[in-house]
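**Q** For reference, the chains in residue letters:
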Amino acid sequence: MRRALLIAIPYVWLLALFLVPFFIVLKISLSDIELAIPPYTPTLDLSQGWAGIRDFFSQLDFENFVWLTEDDLYWKAYLSSVKIALISTVLTLIVGYPIAYGMARAPTEWRPTLMMLVILPFWTSFLIRVYAWMGILSNEGYLNQILLWTGIISTPLTILNTNTAVYIGIVYTYLPFMILPIYSALERMDESLIEAAEDLGCSRVQAFWLVTIPLSRPGIIAGCFLVMIPVIGEFVIPSLLGGSGTLMIGKVLWEEFFSNRDWPVASAVAVVLLLILVVPIVLFQRNQQKQAEAEQ
Amino acid sequence: MPLFPVRRTGAVLNSTVFAPWEDPQAKPLIQFQNVTKRFGEFTAIDNLSLDIFEQEFFALLGPSGCGKTTMMRMLAGFEKPSEGHILLGGQDIDPIPPNKRAVNMMFQSYALFPHLSIWENIAFGLRRDNMPKHDLEERVEEMLRLTRLEQFARRKPHQISGGQRQRVALARSLAKAPKLLLLDEPLGALDKKLRQDTQFELMDIQEKTGTTFVIVTHDQEEAMTVASRVAVMDQGKLMQVATPDKIYENPNSVYVADFIGDVNIIAGRATANGDETYQIDWAEGQTPLTASSASGVSNGQSCHLAIRPEKVTISAERPSEAINAVQGKVHDIAYLGNLSTYYVELANGTIMKAQTANTRRISRRSFTWEDPVWLSWTATAAVLLAD
Numbered sequence: 001m002r003r004a005l006l007i008a009i010p011y012v013w014l015l016a017l018f019l020v021p022f023f024i025v026l027k028i029s030l031s032d033i034e035l036a037i038p039p040y041t042p043t044l045d046l047s048q049g050w051a052g053i054r055d056f057f058s059q060l061d062f063e064n065f066v067w068l069t070e071d072d073l074y075w076k077a078y079l080s081s082v083k084i085a086l087i088s089t090v091l092t093l094i095v096g097y098p099i100a101y102g103m104a105r106a107p108t109e110w111r112p113t114l115m116m117l118v119i120l121p122f123w124t125s126f127l128i129r130v131y132a133w134m135g136i137l138s139n140e141g142y143l144n145q146i147l148l149w150t151g152i153i154s155t156p157l158t159i160l161n162t163n164t165a166v167y168i169g170i171v172y173t174y175l176p177f178m179i180l181p182i183y184s185a186l187e188r189m190d191e192s193l194i195e196a197a198e199d200l201g202c203s204r205v206q207a208f209w210l211v212t213i214p215l216s217r218p219g220i221i222a223g224c225f226l227v228m229i230p231v232i233g234e235f236v237i238p239s240l241l242g243g244s245g246t247l248m249i250g251k252v253l254w255e256e257f258f259s260n261r262d263w264p265v266a267s268a269v270a271v272v273l274l275l276i277l278v279v280p281i282v283l284f285q286r287n288q289q290k291q292a293e294a295e296q
Numbered sequence: 001m002p003l004f005p006v007r008r009t010g011a012v013l014n015s016t017v018f019a020p021w022e023d024p025q026a027k028p029l030i031q032f033q034n035v036t037k038r039f040g041e042f043t044a045i046d047n048l049s050l051d052i053f054e055q056e057f058f059a060l061l062g063p064s065g066c067g068k069t070t071m072m073r074m075l076a077g078f079e080k081p082s083e084g085h086i087l088l089g090g091q092d093i094d095p096i097p098p099n100k101r102a103v104n105m106m107f108q109s110y111a112l113f114p115h116l117s118i119w120e121n122i123a124f125g126l127r128r129d130n131m132p133k134h135d136l137e138e139r140v141e142e143m144l145r146l147t148r149l150e151q152f153a154r155r156k157p158h159q160i161s162g163g164q165r166q167r168v169a170l171a172r173s174l175a176k177a178p179k180l181l182l183l184d185e186p187l188g189a190l191d192k193k194l195r196q197d198t199q200f201e202l203m204d205i206q207e208k209t210g211t212t213f214v215i216v217t218h219d220q221e222e223a224m225t226v227a228s229r230v231a232v233m234d235q236g237k238l239m240q241v242a243t244p245d246k247i248y249e250n251p252n253s254v255y256v257a258d259f260i261g262d263v264n265i266i267a268g269r270a271t272a273n274g275d276e277t278y279q280i281d282w283a284e285g286q287t288p289l290t291a292s293s294a295s296g297v298s299n300g301q302s303c304h305l306a307i308r309p310e311k312v313t314i315s316a317e318r319p320s321e322a323i324n325a326v327q328g329k330v331h332d333i334a335y336l337g338n339l340s341t342y343y344v345e346l347a348n349g350t351i352m353k354a355q356t357a358n359t360r361r362i363s364r365r366s367f368t369w370e371d372p373v374w375l376s377w378t379a380t381a382a383v384l385l386a387d
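Here the protein sequences come in this chain order: A and B. The letter at position 288 of the first sequence is residue 288 when you use full-length UniProt numbering, and the numbering goes up by one with no holes. The letter at position 331 of the second sequence is residue 331 when you use full-length UniProt numbering, and the numbering goes up by one with no holes.
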């Protein structure tokens with residue numbers, strides 16, 4: 001009984017906070033826009049009985065999904081989101097791996113402090129930190145001031161409201177999600193494996209490629225998914241740091257919902273986004289499971 | 001356990017004497033020349049010189065922290081001597097990094113690559129040498145045969161037992177046919193029974209491949225069994241380097257006598273008493289003991305006598321012809337199945353150990369607790385160690 005209860009908790013959680021909202025969104029995506037409250041039709045009217053339910057279902061259609069394929073804004077936005085997510089994941093990996101490696105090789109007494117420093121930014125609101133980047137990257141911002149003052153550049157660089165600013169913002173924000181899983185994989189690694197590789201004829205660099213990288217692979221995969229999955233649907237960073245040229249599906253969704261007040265199309269965009277994300281999420285879960293099995 | 005040839009090393013001696021260390025013409029494979037290694041303030045190796053010869057099975061034996069692992073890591077190239085030089089085949093190897101040395105190491109933790117199969121683990125070193133595919137496959141198969149791992153080749157290290165992992169580690173370190181193989185506590189992780197079988201296997205493989213082995217161990221029994229020579233170390237110094245039987249029979253210091261096996265140590269004062277024979281006064285009111293020694297001891301010098309318990313005879317009456325005999329009563333008996341060790345308390349309170357083989361059933365044991373007994377030994381049984 002107690003076991004059943006324990007198992008039930010995550011299922012109830014999933015049902016109440018994921019499946020039910022998902023079906024509501026799915027239902028809205030199959031509806032039509034209407035100037036009313038709520039701004040879509042049909043709504044389920046149970047007072048009509050069986051006929052009301054049949055009437056309700058007959059009015060649902062896939063019109064909004066068809067619309068998503070007809071206007072090239074949407075698939076361009078999806079594609080651009082995936083592209084930005086992939087590029088920023090690679091950038092985060094390039095920046096994060098050396099940091100994680102350095103942490104794992106640091107003296108043991110230093111590691112908790114370094115870990116603290118990685119987590120510390122979370123103590124400030126994410127929104128405030130993104131706004132702070134606007135202050136740094138704008139034409140009159142600190143970065144341009146320093147560069148002008150040192151004489152490296154003579155005219156201010158335009159970084160804010162470009163894709164560059166979006167990449168900077170994403171790498172900065174999601175770095176801890178990359179560092180922590182890689183660090184935990186590297187920290188567990190037996191130091192004598194590197195010595196064994198060297199003993200068997202590897203140079204330092206070869207030992208790194210042939211032993212360190214393969215052994216930290218589960219951490220790399222986990223970190224990449226943890227960064228890529230939320231970045232695909234990211235909204236705040238592209239809308240604050242990006243410009244009019246930055247096309248991301250999160251921004252499109254927001255505009256459909258709040259500017260156009262077209263809830264059904266916005267819902268259809270969200271449903272497709274979820275379907276796109278299911279693939280990497282499943283892959284991520286499989287990686288985690290494989291890692292857990294290997295550790296047994 | 002495979003059949004193994006009669007050994008030249010260890011406790012089993014035969015007629016083909018392998019003793020390059022006694023031949024002044026022989027060129028050592030490894031030479032430590034006044035090597036000192038410091039870690040900050042701590043001196044791990046203290047001005048140490050040592051020669052190790054080709055095809056030797058050389059054991060570095062000592063308590064933890066004596067510097068034996070540092071010696072091995074210097075041979076592998078993971079540490080550099082602070083002073084002095086290490087020569088391999090006459091060449092100074094100090095500037096050569098570990099990956100360029102014709103030396104391979106078997107790690108205490110085995111350090112098998114968890115992401116590679118057994119086959120790939122063994123092939124790892126060969127691949128670094130860009131060995132042609134055909135030769136490489138042949139060599140790996142040969143190593144698998146040698147260590148009897150053929151049917152495990154495709155498994156990952158975590159899918160095999162501890163004993164098998166130990167053999168993979170050995171196969172991997174032998175695959176490149178190193179001039180010198182270093183073994184860091186190779187059997188430390190195995191249980192006693194498996195360890196004994198594996199000791200003979202190690203000796204067998206060493207014999208077959210003709211590789212020079214240097215083994216680090218804190219287990220004196222293991223060192224005695226496998227090694228052609230044993231170096232007993234303490235605090236970064238070599239206490240004695242000799243064959244296992246010499247170390248056991250003729251320890252050169254109280255430390256070595258005490259470290260290897262069981263021993264009775266008696267402190268006393270030596271007086272010459274004829275040719276190579278000395279009389280030792282050791283306790284108030286006790287008859288002096290007699291011991292013969294080839295090494296000169298000056299009159300009145302304080303000394304220690306080391307007597308192995310199995311060389312002490314225990315009897316109810318004083319044996320008439322015994323040169324050394326002391327009386328006491330049985331204080332304790334340690335029954336080991338095949339052997340019994342009697343702890344005999346002498347009149348002055350000293351406890352002396354005497355060991356006998358249990359050739360009779362335990363119920364017919366001649367002595368029991370509190371029995372008065374005589375302990376006796378010959379003049380040559382004891383080793384006289386001048387302080």
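Everything labelled a hint here was simulated from the structure, so no lab data went into it. This one's a predicted model, so the numbers in the text were calculated from it and none came from an experiment. Heads up, some of the hints might be wrong.
Across the chosen pairs, the derived CB separations fall in these ranges [as the list claims (entries may be wrong)]:
| id | chain 1 | residue 1 | chain 2 | residue 2 | range |
| --- | --- | --- | --- | --- | --- |
| 1 | B | E141 | A | L117 | 47 to 55 angstroms |
| 2 | B | E141 | A | R286 | 32 to 40 angstroms |
| 3 | B | E221 | A | V282 | 53 to 61 angstroms |
| 4 | A | S203 | B | Q55 | 28 to 36 angstroms |
| 5 | A | E293 | B | I362 | 48 to 56 angstroms |
| 6 | A | L26 | B | Q159 | 44 to 52 angstroms |
| 7 | B | Q159 | A | P230 | 33 to 41 angstroms |
| 8 | B | S64 | A | L19 | 54 to 62 angstroms |
| 9 | A | I7 | B | E142 | 47 to 55 angstroms |
| 10 | B | Q55 | A | R286 | 47 to 55 angstroms |
| 11 | B | S64 | A | S203 | 28 to 36 angstroms |
| 12 | B | Q159 | A | S244 | 33 to 41 angstroms |
Sample of chain A residues lacking proximity to chain B, with all beta carbon distances greater than 10 angstroms (derived) [what the hints assert, rightly or not]:
| id | residue |
| --- | --- |
| 13 | D32 |
| 14 | I37 |
| 15 | A51 |
| 16 | V66 |
| 17 | L73 |
| 18 | V118 |
| 19 | T150 |
| 20 | Y172 |
| 21 | D190 |
| 22 | C202 |
| 23 | G233 |
Taking lysine to any residue and the SDA-like style, the derived pairs with C-alpha atoms no more than 25 angstroms apart in a straight line are [as the list claims (entries may be wrong)]:
| id | chain 1 | residue 1 | chain 2 | residue 2 |
| --- | --- | --- | --- | --- |
| 24 | B | K156 | A | R217 |
| 25 | A | K27 | A | P214 |
| 26 | A | K251 | A | T164 |
| 27 | B | K156 | A | T108 |
| 28 | B | K100 | A | R217 |
| 29 | B | K100 | A | I194 |
| 30 | B | K27 | B | P178 |
| 31 | B | K80 | A | T108 |
| 32 | A | K83 | A | F208 |
| 33 | A | K290 | B | K353 |
| 34 | B | K100 | A | T108 |
| 35 | B | K193 | B | P178 |
| 36 | A | K27 | A | L60 |
| 37 | B | K156 | A | D61 |
| 38 | A | K290 | B | L146 |
| 39 | B | K100 | A | I213 |
| 40 | B | K156 | B | L146 |
Glycine is no exception: its CB is placed at the ideal position from the N, C-alpha and C atoms.
**Q** Checking one constraint from the list: CA of K290 (chain A) to CA of L146 (chain B), max 25 angstroms. Satisfied?
**A** violated (33 angstroms)
**Q** Over 10 angstroms to the closest beta carbon of chain B is the bar; see if L73 (chain A) clears it.
**A** holds (45 angstroms)
**Q** Between the alpha carbons of K80 (chain B) and T108 (chain A), is the straight-line distance 25 angstroms or under?
**A** Satisfied, since the Cα-Cα distance of roughly 24 angstroms is no more than 25 angstroms.
**Q** Has the hinted range 28 to 36 angstroms been met by the Cβ atoms of S203 (chain A) and Q55 (chain B)?
**A** Holds: the Cβ-Cβ distance is about 31 angstroms, inside 28 to 36 angstroms.
**Q** Test the statement that C202 (chain A) is away from the interface with chain B: the closest C-beta pair must be farther apart than 10 angstroms.
**A** Violated, since 6 angstroms does not exceed 10 angstroms.
**Q** Please verify whether K100 (chain B) and I213 (chain A) have alpha carbons no more than 25 angstroms apart.
**A** holds (22 angstroms)
**Q** Take the C-alpha atoms of K27 (chain A) and P214 (chain A), compute the straight-line distance between them, and say whether it is at most 25 angstroms.
**A** Measuring from Cα to Cα gives roughly 45 angstroms; hence the hint is violated.
**Q** Take a look at whether the Cβ-Cβ distance between L26 (chain A) and Q159 (chain B) falls inside 44 to 52 angstroms.
**A** Taking Cβ atoms as reference, L26 (chain A) and Q159 (chain B) lie about 45 angstroms apart, which means the hint holds.
**Q** Going by Cβ atoms, does D190 (chain A) stay more than 10 angstroms from chain B at every point?
**A** violated (6 angstroms)
**Q** Using the C-beta atoms of E141 (chain B) and R286 (chain A), is the stated range 32 to 40 angstroms upheld?
**A** This hint holds: roughly 35 angstroms between Cβ atoms.
**Q** Can the restraint linking K100 (chain B) and R217 (chain A) be considered satisfied, given a maximum Cα separation of 25 angstroms?
**A** The hint is violated at about 28 angstroms.
**Q** Taking only the CA atoms, is the gap from K100 (chain B) to T108 (chain A) under or equal to 25 angstroms?
**A** Not OK: K100 (chain B) and T108 (chain A) at ~30 angstroms, beyond 25 angstroms, violated.
When held up to the earlier numbered hints, the structure conflicts with 12, 21, 22, 25, 27, 28, 32, 33, 34, 35, 37, 38 and fits the remainder.
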